[in-house]
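Undergrad: For reference, the chains in residue letters:
2 protein chains.
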Amino acid sequence: MKVLIMGIDGYIGWPLALRELAKGNKVSGIDNFITRKRVREVGSQSALPIPTFKKRIDYVKDFGLGEINFHRGDASDPDFLRDVIIEEKPDAVVHLAEQRSAPYSMIGLKQASDTLKQNMLSTLNLIYAVKENVPKCHILKLGTMGEYGTPNIDIPEGFFEIEYNGRKDTLPFPKQAGSWYHWSKVHDSNNLMFASKVWKIRITDVMQGVVYGTRTKEITSPHLFTRFDIDEVWGTALNRFCTQATIGLPITPYGKGGQTRGFLSLEDSITCLDIALSHPPNDGEYRVFNQFDEHYSVNELAALTKEQYEKGFSKKAEILHVPNPRLEAEEHYYNPVHEKLKNLGYHRSKELREELLVILNDLSHHKSRINKVKDVIMPKTKWTESPFNL
Amino acid sequence: MKVLIMGIDGYIGWPLALRELAKGNKVSGIDNFITRKRVREVGSQSALPIPTFKKRIDYVKDFGLGEINFHRGDASDPDFLRDVIIEEKPDAVVHLAEQRSAPYSMIGLKQASDTLKQNMLSTLNLIYAVKENVPKCHILKLGTMGEYGTPNIDIPEGFFEIEYNGRKDTLPFPKQAGSWYHWSKVHDSNNLMFASKVWKIRITDVMQGVVYGTRTKEITSPHLFTRFDIDEVWGTALNRFCTQATIGLPITPYGKGGQTRGFLSLEDSITCLDIALSHPPNDGEYRVFNQFDEHYSVNELAALTKEQYEKGFSKKAEILHVPNPRLEAEEHYYNPVHEKLKNLGYHRSKELREELLVILNDLSHHKSRINKVKDVIMPKTKWTESPFNL
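Chains as they are written, first to last, in numbering that gives the first Met the number 0: chain A, 0 to 389; chain B, 0 to 389.
One or more of the hints may lead you astray.
Identical copies go unnamed one by one, so any copy, or any two together, can satisfy a pair.
[Claimed, not checked] In silico lysine to aspartate or glutamate, DMTMM-like type, Cα no more than 25 Å apart, as pairs:
1. K135 - D273
2. K199 - D113
3. K167 - E338
4. K371 - E284
5. K54 - E384
6. K373 - E86
7. K109 - E86
8. K167 - E327
9. K167 - E293
Derived from the structure by calculation, the hints contain no laboratory data.
Computed from a predicted structure; not experimentally measured.
Can you build the whole structure from these sequences, using the hints too?
TA: Structure follows, in structure tokens:
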């Protein structure tokens, strides 16, 4: 199978490339390295050092994993993307090339515009490039469980049958996202659903939970590390908590900490994406996978991090609640379904409690690197501010 | 009340300006005249001649309606829009400044991108300009009944309470739009709903049905005419049918003709918008109005046009079904609610059957003008084509 990975230099893109190479698939990729640039812009860096992409390609060869055909460019440029699709003729395109930070999208109008515009256009360009050049190609698109928000009813996988005023229909589940980033993913989902209907494209839209971890079975050496962001803009809550524990700062949940989300390990996320690639949808099928294993509240994440840090490093960790810079329900019902991947043979292989020790151990070797950027861990980006001009 | 009308040169914008002036409100407006340009680009023109905007301002003075403070510019330019908002300090902004043609959005990738991007950015810019400069200002935004698509259940006004797996919640009604244009309006609705939540902005999101007519009570002279588009890209089905009858061409419904939509007259549309302006939402309220009076199938529109033309002009009209260039259900359930405007005192004043005679009469004075553009009435833009490059 020929797989084109858009955003191959990213947190998910890189380990997915390693997995697909290890499986003997032909891997090509695109990236414009904008995440590297934007992380620098907020004064941060990946807590784990990562090589340049040129070196990544060399290491992959050194480790006997094979070759990556790389194209540097921006997916929001339609001609660039079309030319790559024509050259690579992929069987599947994994679209990970979007701005992926909720806080970034809430910094101000410029960031909101860029997120909404560039995420939407990259997906639209992909739709047109695929339909016209490789109409049987499978588009595997990363969305987020955050598209659903936190409704007071169960969350199905994309669609649900409802009865209303005595009549029935199967409809897309209503989305209630909580940032411009999350809304950009909702808009993409809607656009993909429509594209599949009009042009019979095969699409898997992955509502992915929060991914944690530094390792997959292919990441056997620091040379193969994927990026690991820890700042308020680019790092997840769990990444920040692990980082805070590592350098002796208090672990800081936002608000009451009852905010509950779905989670899965990096290893399992890559396995899920690989399963989706191995089981493409039918012609014209638009399918939605809810991709996560378990849900945790922010308080549970903080407590688990504290517990595992204290166990693994025999030092104390402290938890300190700070005001929530986001606008979100801090106590709510949360019950999303996640069956479709299991029905295709997915089994969970990692558990958060154990994986925390692996993350904390990897971070423990980079304390001085982390200490350089410790001032960007605490929240500055406030949802209710988001000014017109910065 | 100070009302800023974005898209004041358009089909709805112009008669709304006349109405607000007639009511003694202070009216300002913006426009970039892009609809005039894009209509020329497809080789068409308004069937009724309309003056330049400069002349429109003069005529308004001549007819004793007062003054319009006009700003030429593009709402997708954030600084332009903010400067106008700061200068005008409006109590309400009516946002009509979006690309409003479904076929235009389906011509090809460029038009799809422009529609999705510019519609979204104009609304986003407005949100930020309002929240920062006139936080109590009422945003009255034009969406479309087409956002809902044609579900097999009743369509409420924006939100509905549902029971699912034994639990209840009030959720946004799931949208299933049928073109990039319609999706751009869905994306706007989602963005507005979120903005209202985060920044407590007052928003009315109007799901407007198809508007018909050439007149309002203020349009007493051809000098005050609003535009009336008749080509396959910019004209509605009813406008095309009236035009075809007027110049002796067959009336051409697309497909089986069972496609059913909500309709209201231009006079009543302006009345609805004015009622919404006079009854603004509360702080932080995002409300949705379904704005239409009656629903008709395409076949009913064709039959009514034929009947009224034959009655009014004592000549025969012919109906000829042509292949449907769109992707849409041609036979379906359709039952949208429309109560909120009635609860605010709205009463219908016009009826399609009578109004058809007014339209046909206005068109009858411009046959030679219409004959010049008769080649752009029949559909060329096909939903399933929409190429990457034209």
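Undergrad: Can you list which hints this structure breaks, lowest number first?
TA: Going through the list in order, the structure violates hints 4, 5 and 6 and respects the others.
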